[in-house]
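There are 2 protein chains.
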Amino acid sequence: MTLTLEHARKLDTWDPLANMRDKFALNTGEIYLDGNSLGAMPKAAVKRAAEVVENEWGKSLIQSWNKHQWFSLPQRIGDKIASLIGAGQGEVVCTDATGINLYKAVACGLKLNPSRKVVLLEGSNFPTNNYIVQGLVKQLGDDYEVRFAEDHEFDDNIDESVAVVCLTQVHYKSGRKLDMDAITRHAQSKGCIVIWDLCHSAGALPVNLNQANADLAVGCTYKYLNGGPGSPAFIFMAKRHHNKVEQPLSGWWGHQAPFDFKRDYQAGQGINQLLTGTQGILSLAVAEVGVDLMCQVDMQQLRAKSQKLTQLFIDLVEQECAGYGFSLVSPRDPELRGSQVAFAHEHGYPIVQALIAAGVVGDFRAPDILRFGFAPLYNSYEDVWHAVQRFKDIMQSQRWQQPEFNQRHAVT
Amino acid sequence: MTLTLEHARKLDTWDPLANMRDKFALNTGEIYLDGNSLGAMPKAAVKRAAEVVENEWGKSLIQSWNKHQWFSLPQRIGDKIASLIGAGQGEVVCTDATGINLYKAVACGLKLNPSRKVVLLEGSNFPTNNYIVQGLVKQLGDDYEVRFAEDHEFDDNIDESVAVVCLTQVHYKSGRKLDMDAITRHAQSKGCIVIWDLCHSAGALPVNLNQANADLAVGCTYKYLNGGPGSPAFIFMAKRHHNKVEQPLSGWWGHQAPFDFKRDYQAGQGINQLLTGTQGILSLAVAEVGVDLMCQVDMQQLRAKSQKLTQLFIDLVEQECAGYGFSLVSPRDPELRGSQVAFAHEHGYPIVQALIAAGVVGDFRAPDILRFGFAPLYNSYEDVWHAVQRFKDIMQSQRWQQPEFNQRHAVT
Numbered sequence: 001m002t003l004t005l006e007h008a009r010k011l012d013t014w015d016p017l018a019n020m021r022d023k024f025a026l027n028t029g030e031i032y033l034d035g036n037s038l039g040a041m042p043k044a045a046v047k048r049a050a051e052v053v054e055n056e057w058g059k060s061l062i063q064s065w066n067k068h069q070w071f072s073l074p075q076r077i078g079d080k081i082a083s084l085i086g087a088g089q090g091e092v093v094c095t096d097a098t099g100i101n102l103y104k105a106v107a108c109g110l111k112l113n114p115s116r117k118v119v120l121l122e123g124s125n126f127p128t129n130n131y132i133v134q135g136l137v138k139q140l141g142d143d144y145e146v147r148f149a150e151d152h153e154f155d156d157n158i159d160e161s162v163a164v165v166c167l168t169q170v171h172y173k174s175g176r177k178l179d180m181d182a183i184t185r186h187a188q189s190k191g192c193i194v195i196w197d198l199c200h201s202a203g204a205l206p207v208n209l210n211q212a213n214a215d216l217a218v219g220c221t222y223k224y225l226n227g228g229p230g231s232p233a234f235i236f237m238a239k240r241h242h243n244k245v246e247q248p249l250s251g252w253w254g255h256q257a258p259f260d261f262k263r264d265y266q267a268g269q270g271i272n273q274l275l276t277g278t279q280g281i282l283s284l285a286v287a288e289v290g291v292d293l294m295c296q297v298d299m300q301q302l303r304a305k306s307q308k309l310t311q312l313f314i315d316l317v318e319q320e321c322a323g324y325g326f327s328l329v330s331p332r333d334p335e336l337r338g339s340q341v342a343f344a345h346e347h348g349y350p351i352v353q354a355l356i357a358a359g360v361v362g363d364f365r366a367p368d369i370l371r372f373g374f375a376p377l378y379n380s381y382e383d384v385w386h387a388v389q390r391f392k393d394i395m396q397s398q399r400w401q402q403p404e405f406n407q408r409h410a411v412t
Numbered sequence: 001m002t003l004t005l006e007h008a009r010k011l012d013t014w015d016p017l018a019n020m021r022d023k024f025a026l027n028t029g030e031i032y033l034d035g036n037s038l039g040a041m042p043k044a045a046v047k048r049a050a051e052v053v054e055n056e057w058g059k060s061l062i063q064s065w066n067k068h069q070w071f072s073l074p075q076r077i078g079d080k081i082a083s084l085i086g087a088g089q090g091e092v093v094c095t096d097a098t099g100i101n102l103y104k105a106v107a108c109g110l111k112l113n114p115s116r117k118v119v120l121l122e123g124s125n126f127p128t129n130n131y132i133v134q135g136l137v138k139q140l141g142d143d144y145e146v147r148f149a150e151d152h153e154f155d156d157n158i159d160e161s162v163a164v165v166c167l168t169q170v171h172y173k174s175g176r177k178l179d180m181d182a183i184t185r186h187a188q189s190k191g192c193i194v195i196w197d198l199c200h201s202a203g204a205l206p207v208n209l210n211q212a213n214a215d216l217a218v219g220c221t222y223k224y225l226n227g228g229p230g231s232p233a234f235i236f237m238a239k240r241h242h243n244k245v246e247q248p249l250s251g252w253w254g255h256q257a258p259f260d261f262k263r264d265y266q267a268g269q270g271i272n273q274l275l276t277g278t279q280g281i282l283s284l285a286v287a288e289v290g291v292d293l294m295c296q297v298d299m300q301q302l303r304a305k306s307q308k309l310t311q312l313f314i315d316l317v318e319q320e321c322a323g324y325g326f327s328l329v330s331p332r333d334p335e336l337r338g339s340q341v342a343f344a345h346e347h348g349y350p351i352v353q354a355l356i357a358a359g360v361v362g363d364f365r366a367p368d369i370l371r372f373g374f375a376p377l378y379n380s381y382e383d384v385w386h387a388v389q390r391f392k393d394i395m396q397s398q399r400w401q402q403p404e405f406n407q408r409h410a411v412t
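So the sequences go chain by chain: F and P. Start counting the first sequence at 1; every next residue gets the next number (the UniProt record's numbering). Start counting the second sequence at 1; every next residue gets the next number (the UniProt record's numbering).
Since the hints were made in silico from the structure, they are not lab data. Ideal Cβ placement from N, Cα and C applies to all residues, glycine included. Be careful, since some hints might not be right.
[Said to hold, decoys possible] Computed far set for chain P versus chain F, every beta-carbon distance over 10 angstroms:
1. M1
2. E246
3. K262
[Unchecked claim] Now the in silico label distances, taken between C-beta atoms and shown as ranges:
4. F/L112 - P/P16: 52 to 62 angstroms
5. F/K10 - P/N66: 44 to 54 angstroms
6. P/N66 - F/D142: 32 to 42 angstroms
7. F/R408 - P/E335: 51 to 61 angstroms
8. P/D260 - F/E318: 24 to 34 angstroms
9. P/Q398 - F/K43: 43 to 53 angstroms
10. P/D260 - F/A182: 48 to 58 angstroms
11. F/G270 - P/N66: 53 to 63 angstroms
12. F/R399 - P/G141: 23 to 33 angstroms
13. P/D333 - F/F259: 27 to 37 angstroms
14. F/G270 - P/P16: 49 to 59 angstroms
15. P/T4 - F/K43: 48 to 58 angstroms
16. F/Q300 - P/L112: 46 to 56 angstroms
17. P/R263 - F/R185: 20 to 30 angstroms
If we strip away everything but chain F, and leave its shape as in the complex, we get:
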């Protein structure tokens, strides 16, 4: 069956999430397929930012810490995120950057498993996790070790020597989704602590950390949760580990009684201990707008649409752009994919630049990956159709060969 524009439009008509699109600012004529890097702006973010700046900071000033509950934002937003990732209330705080939270999480994981010294990571996944764990391991001394294994090597490498298994569920390049339940079960059967990085999962698909019995988790809010550029990350610690272990970045926000200004550190109760210093309130408050929108959505409906969007994209690229040398990098089975699709092409870089110039915003990942994220809250099936039409036009016209698309600059 040949896929048509009419088919795409019909899917939009049936889409139970179609009403969410209007809640986002989208550029006319642009098809934004990079929400897996930076989510689109919820329209309500404009008002919220103005309110925090003009009213809360500008007028209430220091009193806003209580009056506008700035102090409890990490917990309040954390509880909302918890509801999206199968965590309990009081198990998540929204704070700091993902890498900093990962440092806390892995340090706690190692303390929870003190007889072992190995941290296992998937080396090919987003490398900041490698960098952070390499920094931690170097600091802890020669006994400690980073072990890299790719997904097909997990069975052999997750063994009784591993203290902490730290994995990103959805691969940042390929979009491959790991089986959180099975891997957690396997690793825990070997006595490992399991940490999940949900950067490409939270708001992209249903996650159930407690069903999987995850020990710790981290993730960001600026991709599928649409929290704004560099908006604060989150950290989850299962309740069973609370008050048993202290994270090393022990700042005053994690103190039992921050306003007693006691000389010595005394860890706060529960998830509070995972906090460190004063948070960037503006970024934090605006992040809540995106999280709130996601909380209105049924995660099963979100997943269904995500899978249909990515499938339609794959099918259309293969129908319309056949013969141009693209090979699918993402899993063909939608059950094994996150909410993004990657194709490989030797001229990936200029093709992505030409696509952006044509109003189809995806991104390039070295050495040869064209990466497209699909945000079920604001991407439509018709978007997918038009994106692929422009894609085909660029390939047919060979426009990607123009010199301006071949100049390299920093990409995100």
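Keeping the supplied structure of chain F fixed, place chain P upon it in accordance with the hints.
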């Protein structure tokens, strides 16, 4: 000589910084003396926040990382802060929270002095520094040690056993200012690495880190730099230490080539290595507005006004509120003070609450400190006069004894 309102007004007439006041949003009738906790809002922050949200995030989306130079904000703002604290270009980045930067700084300090294991802190100063160093020391193991010493004990305690001396220049409670040059010289003569916390110094008084030969420094932007609630902090590392030591929170923003997505960490050059993860761009961009305002100011003029404001306040309180049991906690010599004044009173808490209700916003610090910050950019001498008149009225009328002022809640 009795001090009068006319005298205060005359000082305002002569004030070379008087034109800066109009650049800040100030509540009519309110006298804000808490800029040492959260600086007032520059009016331009409203427009900047809207621009970042609506235009940069909302319209340019992911392309803003290059187009609007989001990636280089930490360095760009860092260079501006550098000019305010006597640091060179490329020696400061604006990033993360103060406590997190302190963790990086002390970890680097210990690596620069590997044969020693003691970190010296002033235990009575703002305790998050104690907490952070306690967390770091605990993580590094039993060999390491935190030593607390008060300022009169520095001579005896800063010795050849100390690896790192980590001091906050202006005491958060008393406003006492340490002699940065002399202490740095003394500590370095004993072979110590010296780290300065400039939270109550940056934008409050002239600082010259390189003249003092400081090794590292941290500080916040949300007090006298008026960067907004919880706006990102900064970290300084003297050029002579660059590329010699790696901080442990080694995230991708500190990598030599972040967009090569290499598996292994390779430290970035110079100050870049002090970065960790993706920054909250909204908070960071708005912080620049406050920093830019401070960069318009002559630091000697700022210091002169700060000293006159604090002196006028002390003199007026002692003239108008004599006999009510206040004792000056801050140094009487303006050369030894930062830009704040602290008085002790056994009923400090309700008096501060009554003052706030009367539109004089200062804060209380346990057990008995009334703390007032003076921001030369927006506080006037007439402010000081009226603040003390309201203060006197509260004491004369005994209004502070009203029950509503005696209910404790979290204070900042």
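Problem - Supplied distance hint 44 to 54 angstroms, evaluated on CB atoms of F/K10 and P/N66 - result: Hint violated: Cβ distance 38 angstroms, outside 44 to 54 angstroms.
Handout entry: Given as non-interface: P/E246, which should sit over 10 angstroms from chain F by C-beta
Key = 7 angstroms, violated
Practice task
For the range 52 to 62 angstroms, tell me whether the beta carbons of F/L112 and P/P16 fit it or not.
Solution key: At roughly 59 angstroms between Cβ atoms, P/P16 and F/L112 fall inside 52 to 62 angstroms, so the hint holds.
Practice task
Confirm or reject the claim that P/R263 and F/R185 have a C-beta distance inside 20 to 30 angstroms.
Solution key: Holds - the Cβ-Cβ distance for P/R263 and F/R185, about 27 angstroms, lies within 20 to 30 angstroms.
Problem - Status of the given 53 to 63 angstroms range, CB of P/N66 versus CB of F/G270 - result: Since F/G270 and P/N66 have Cβ atoms about 41 angstroms apart, the given range 53 to 63 angstroms is violated.
Handout entry: F/R399 paired with P/G141, Cβ distance criterion 23 to 33 angstroms
Key = Since F/R399 and P/G141 have Cβ atoms about 60 angstroms apart, the given range 23 to 33 angstroms is violated.
Practice task
Look at the Cβ atoms of F/G270 and P/P16 and judge whether their distance stays inside 49 to 59 angstroms.
Solution key: With Cβ atoms ~52 angstroms apart, the hint holds.
Exercise for the section: Mind checking the hinted window 24 to 34 angstroms against the Cβ distance between P/D260 and F/E318? Expected result: Holds - the Cβ-Cβ distance for P/D260 and F/E318, about 30 angstroms, lies within 24 to 34 angstroms.
Problem - Outside-interface status for P/K262 - nearest CB in chain F farther than 10 angstroms - result: Violated, since 6 angstroms does not exceed 10 angstroms.
Practice task
Return holds or violated for the Cβ distance of P/N66 and F/D142 against the range 32 to 42 angstroms.
Solution key: At roughly 41 angstroms between Cβ atoms, F/D142 and P/N66 fall inside 32 to 42 angstroms, so the hint holds.
Handout entry: Whether the CB-CB distance between P/D260 and F/A182 falls inside 48 to 58 angstroms
Key = Roughly 32 angstroms apart at Cβ, these two residues miss the hinted range, so it is violated.
Practice task
Starting from the hint 27 to 37 angstroms, judge whether the C-beta atoms of P/D333 and F/F259 obey it.
Solution key: 30 angstroms, holds
Checked against the numbered hints given earlier, the structure breaks hints 2, 3, 5, 10, 11, 12 and satisfies all the rest.
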